[in-house]
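Enquirer: Going line by line, the protein sequences match chains A and B. Start counting the first sequence at 502; every next residue gets the next number (my numbering). Start counting the second sequence at 502; every next residue gets the next number (my numbering).
Treat the hints as calculated values from the structure; they're not laboratory data. Note that the coordinates shown come from a computational prediction; the quantities given were computed from them, not determined experimentally. Every clue listed holds true.
The list makes no distinction among identical chains, and a pair is therefore deemed to hold if it is satisfied within one copy or across any two copies.
With a Cα cut of at most 16 Å, we get these calculated EDC-like pairs of lysine to aspartate or glutamate:
#, residue 1, residue 2
1, 641, 627
2, 607, 627
3, 607, 544
4, 645, 627
5, 567, 513
6, 572, 597
7, 607, 575
8, 517, 565
9, 644, 627
10, 517, 566
11, 572, 544
12, 522, 512
13, 572, 546
Number of protein chains: 2
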Amino acid sequence: MAQIKNNYQFEDMLQKHNLKKTGPRLRVLSMMYSKNTATSQPDLESVMNDIDRVTLYRILNVFEEKGIIHKVFDLNGTANYAVCHSNCQENHHHDEHLHFNCTACKNVYCLNELNMPRLNLPSGFEAQSFTLYASGLCPKCSKKQAAKVN
Amino acid sequence: MAQIKNNYQFEDMLQKHNLKKTGPRLRVLSMMYSKNTATSQPDLESVMNDIDRVTLYRILNVFEEKGIIHKVFDLNGTANYAVCHSNCQENHHHDEHLHFNCTACKNVYCLNELNMPRLNLPSGFEAQSFTLYASGLCPKCSKKQAAKVN
DNA sequence: TTACAAATGCAACAATATTGTATTTAGAAA
DNA sequence: TTTCTAAATACAATATTGTTGCATTTGTAA
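Using the sequences provided together with the hints, build the complete structure.
Expert: Structural data, given as structure tokens:
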């Protein structure tokens, strides 16, 4: 699931988007690519605690603008960030996949393989994009719970 | 769309949920039932500016617990509150409808008539609830835009 | 190596939300 | 009606999340 990439590939990614190769940016990239779930803003902040808070916000913002990551709010309204796997372009995301929010471990999974079902909205509504949220138990947590019961 | 209710009905609602009939609660109820869209927290706060901020938060929280209203985050992560039209019960909401966020007027519409499509998740994921978000132009704003073009 | 735009770090601030506690009030009981 | 009490409100303080402005540092092109 998690794409393993080395530092050279992250440097390439930055260069490709006309972003300077800086330590903070490379560390944020490497951290986010090492996980198969989205990372909440509070988590990011505590893990990247050597990077200035404001710098972190600005890094996340440019990455989002460039289509490198996308922001998703979990069920508590907390901002989460995940790498884009679909073909996102600058200022034009294609993140119409399912976001699964585990109620136990709080992780947010991007289920890219699940594309949106077709929907016909009430007349007058013109939808430009969709996002689907589900909450429940992720595979790990549902296993744990099953183990407890036995 | 907007359910017209009078003050006696709001008093009944409070009583039914074992909540004391107070001025602030009645005014919040009447305000929210007068609209067919969700209301953002900032809007609520400025409209209900005679009610203490903290009191407003606490009112919204008990209403949500009791299944009278539900909270929905818009595309900017801003909290919005809307009355529950489906049969929501205490601590057990049934708000699996589409939330439509207009990119022009920023309103959030609860499209209750649209029920969720069936989805089969990747194995291991056990979903307990779904929410669907769409963004684009609402009927009013798409009309306005059409008028501009002509 | 130099120069400069871009990125970072720091300070201040704004907006959103929570906790604790004193005061007030709705509604039950006398 | 009056009294009493738990619940609700108001107020103060604080926490969290996010933004803006500016000085300093740094990546990179010349």
